[in-house]
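Undergrad: Chains A and B are the protein sequences, given in the same order.
In case it helps, the numbering used here puts the first sequence at residues 944 to 1053.
In case it helps, the numbering used here puts the second sequence at residues 944 to 1053.
Worth double-checking, as some hints may not be accurate.
Put simply, identical chains are the same to the list, so a pair is met inside one copy or across any two.
[What the hints assert, rightly or not] Below, in silico cross-link-like pairs of lysine-lysine (DSS-like), each with a Cα-Cα straight-line distance of 30 Å or less:
#1 Lys1013 to Lys988
#2 Lys987 to Lys951
#3 Lys1013 to Lys987
#4 Lys951 to Lys988
#5 Lys977 to Lys988
#6 Lys1013 to Lys977
#7 Lys1017 to Lys951
#8 Lys988 to Lys1017
#9 Lys1017 to Lys987
#10 Lys977 to Lys951
#11 Lys977 to Lys987
No wet-lab data here; the hints were simulated from the structure.
Only a predicted model underlies this, so the values are computations on that prediction, with no experimental measurement involved.
There are 2 protein chains.
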Amino acid sequence: MDDCIFCKIANGEMDTQFLYEDETVVVFNDIQPKADTHILVVSKKHIPSLIHLNDEDTTLMGHMVQMLPKMASKLGINSFRTIVNTGAESGQEVDHLHFHLLSGNLRPFG
Amino acid sequence: MDDCIFCKIANGEMDTQFLYEDETVVVFNDIQPKADTHILVVSKKHIPSLIHLNDEDTTLMGHMVQMLPKMASKLGINSFRTIVNTGAESGQEVDHLHFHLLSGNLRPFG
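Just chain A, with the same shape it has in the complex (with noise of 0.2 Å):
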């Protein structure tokens, strides 16, 4: 997708530093923290939100959820929050599927 943000950053086109990358997902903070830790889990795969998931995404979406925790132990986070919004009413700001980690001081979202 060529005018979607997650898609350049996840491509390597805004020079983000990632935190974590492999063959199928990048991590990295998010721009506007709502708490003092707030990374984002992307797929490098362009899903538009989880009402776009096909059968064929069920192992992306495991590994997806497995980097939380694995992120989380890495930033020294026992305790986090997880949220995926879906659609512009329930707060997803960009239109590629990514989960948000948040930990410490968490502020309201969406």
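Assemble chain B onto chain A, guided by the hints.
TA: Frame of chain A; chain B shown alone:
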């Protein structure tokens, strides 16, 4: 887990009305709703939280994520928030992995 309320619910010991059930998950309404719609997707397997996942749980996690848009569709919802709390500090109240799906007039959480 004998003393786990979500294990009892998943085992059918609590006469809970399931919105959905299959071999690995059950879905039911949160008894203290924090939005117009507030349902829980709960694994039948007792996993205390995301930080207790094993590699073998990847498919289950993928399935739980896939359940979210499927349930939203079933309920006629096209915008929703998914929350997974990990650890008491984040607002986790039951030590058995569950995904919250919320939609409509979301109230503060945790």
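Undergrad: Which of the listed hints are broken here?
TA: none
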